[in-house]
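Between the sequences and the hints, there should be enough to build the whole structure, so can you do that?
Sequential numbering of the sequence shown, starting at 1, is according to UniProt numbering.
These are computed hints drawn from the structure, not numbers from a lab. Please note that the accuracy of each hint is not assured.
Claimed, not checked - Computed spacing ranges between beta-carbons, pair by pair: (1) GLY232 - THR76: 23 to 33 Å; (2) ARG71 - ILE338: 33 to 43 Å; (3) ALA255 - ILE338: 27 to 37 Å; (4) GLY160 - GLU263: 19 to 29 Å; (5) ILE46 - GLY78: 17 to 27 Å; (6) PRO243 - GLY173: 51 to 61 Å; (7) LYS328 - GLY173: 34 to 44 Å; (8) ALA320 - GLY120: 28 to 38 Å.
Computed from a predicted structure; not experimentally measured. Cβ atoms here follow ideal geometry from the backbone N, Cα and C, with glycine treated the same way.
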Amino acid sequence: MRDVLDRVVEWLDAGRDVALATVVEVIRKAPREPGTTMAVSDRGEIAGSVSGGCVEPAVVEVAQEVLAAGRPRLVTFGISDDDAFEVGLSCGGTIRVWVEPARGPWPGLARRLQEALAAGKAVALARVLGAAAGDGAGARGAGPVPAGAVVLLEEAEPGGPARIMAGSSGDPGLDRELARRAGVLLARDETAREPLAGADVFIQPFAPPPVLYVIGAVHPAAALAEAGRFLGYRVVVCDPRSPFATSERIPAAHAIARQWPDEYLSGARITPRDAVCVLTHDLKFDVPALRVALRSPAGYIGVMGSRRTHERRLAALREAGVGDGDLKRLHAPIGLDIGARTPEEMAVAIMAEIIASRRTNRPQRPAAVPAAAGGGGDVAGGAA
Numbered sequence: 001m002r003d004v005l006d007r008v009v010e011w012l013d014a015g016r017d018v019a020l021a022t023v024v025e026v027i028r029k030a031p032r033e034p035g036t037t038m039a040v041s042d043r044g045e046i047a048g049s050v051s052g053g054c055v056e057p058a059v060v061e062v063a064q065e066v067l068a069a070g071r072p073r074l075v076t077f078g079i080s081d082d083d084a085f086e087v088g089l090s091c092g093g094t095i096r097v098w099v100e101p102a103r104g105p106w107p108g109l110a111r112r113l114q115e116a117l118a119a120g121k122a123v124a125l126a127r128v129l130g131a132a133a134g135d136g137a138g139a140r141g142a143g144p145v146p147a148g149a150v151v152l153l154e155e156a157e158p159g160g161p162a163r164i165m166a167g168s169s170g171d172p173g174l175d176r177e178l179a180r181r182a183g184v185l186l187a188r189d190e191t192a193r194e195p196l197a198g199a200d201v202f203i204q205p206f207a208p209p210p211v212l213y214v215i216g217a218v219h220p221a222a223a224l225a226e227a228g229r230f231l232g233y234r235v236v237v238c239d240p241r242s243p244f245a246t247s248e249r250i251p252a253a254h255a256i257a258r259q260w261p262d263e264y265l266s267g268a269r270i271t272p273r274d275a276v277c278v279l280t281h282d283l284k285f286d287v288p289a290l291r292v293a294l295r296s297p298a299g300y301i302g303v304m305g306s307r308r309t310h311e312r313r314l315a316a317l318r319e320a321g322v323g324d325g326d327l328k329r330l331h332a333p334i335g336l337d338i339g340a341r342t343p344e345e346m347a348v349a350i351m352a353e354i355i356a357s358r359r360t361n362r363p364q365r366p367a368a369v370p371a372a373a374g375g376g377g378d379v380a381g382g383a384a
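What follows is the structure, given as C-alpha cells:
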C-alpha cells in the first residue's frame, strides 16, 4: 500500500473512481507478501502489483467488476509453477486478494494515512473482510459484520492499544478489539489476517523504520552502520568522543550523537522494533548504557566483548541492580556464531542475529547470564 498511496491519493483528489486490490493471505509461496496492494482507476490506470505479473490481468478484471457493483470481493488466485519460476520462485502458490472500491471513508482516510506516514508515525490499516468462519454476528451480536469497513489506527504506546484516527467497523466492541490487536502487530511489525470478535479482519501495520542504536564509534561501527542502513534501519551512532564520532568515519549513519550513551538512550523513544548494539568494549560505557537499554522495550540488545569480559560486565550490572531476568535479554557475545573476523563479517553476524531475533521471536542460543568459562571472541564465534 505504501508504494501506491501517492497515486491513489492523486486519483481520488482528481475525482476518479479507484479499486484497491490487496493481498491478505499467501499459501505456500508467492511473489508478493500480504499487504501488497495494486490500485486500478476507472480509466484503466494501474499502480503497483500483487503477483509480479502472474495474475494481474485477472485482478484488473475483478477490480473493474467491483467498481461496477460497488461491493468488495475476496478472490483466490493460484499461481502456476511455470509462472512462479518466471518471477523467481521455485514453485507456485495461492494468494487471496481483497478487492474493494475506495469510496466512503477512503478519500479522507487515504489522505490521513499519507500524512501520518510522511510524519513518521506508526499506524495500521484494518479491514473487515466479513464474518469469521461460523459466525455471522458482530462482536456484540448486534447484526451482520460490516464487510468492507476500514479503520485507520495510530500507535499510542508501543505494544499498547492503538488509537482510532479515522473510520469505524460500525461495532464498538470490534473497534476496541481492532485497537488492541493493531497495537500488538505494530510493535511486532507483523501483518495478520485472523478472526477477531466475530469478524474476519486483515490488519496491516505501517511502522516507521526501526532504529539501530550503535553504541561506540569504534572500528566495526562503520560496517555495522552500512549493513543496518542497507536493511532498512535508521542508524544512530552514539559516542561522546568527538574525534571518533564523525560522519567521515561512519558515513552510513543517519545521525551521530556525541553524548554519553546512557544519557542519550534515556531520552530516546525506543520501541520493540529497535535494536541496541553496544560495541564500546569498556565497562564505563557498557554498564550505564546497558542499564538504560535493559529498562527499554528494545527488541534486541547485543554487546561486544569476550565471554571473560562479559563475566565482569554481568557482575557490574548485578551490582548496579540489574536482575537476572533482564540480563537474560542480552545477546553476548554479540552476533551469530559464523566465525566472523573482519568488521564486515562482524556486521553480517550481528545483523543476522537481529533479523533472526525479530522474525522468529525465539532465542538463537542459550541466554548468556551464567558466567561462562574461557575467553572467546568479541563477536560470537569471532576472533578474540
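In ascending order, which of the hints set out earlier in this document are inconsistent with the structure?
-> 2
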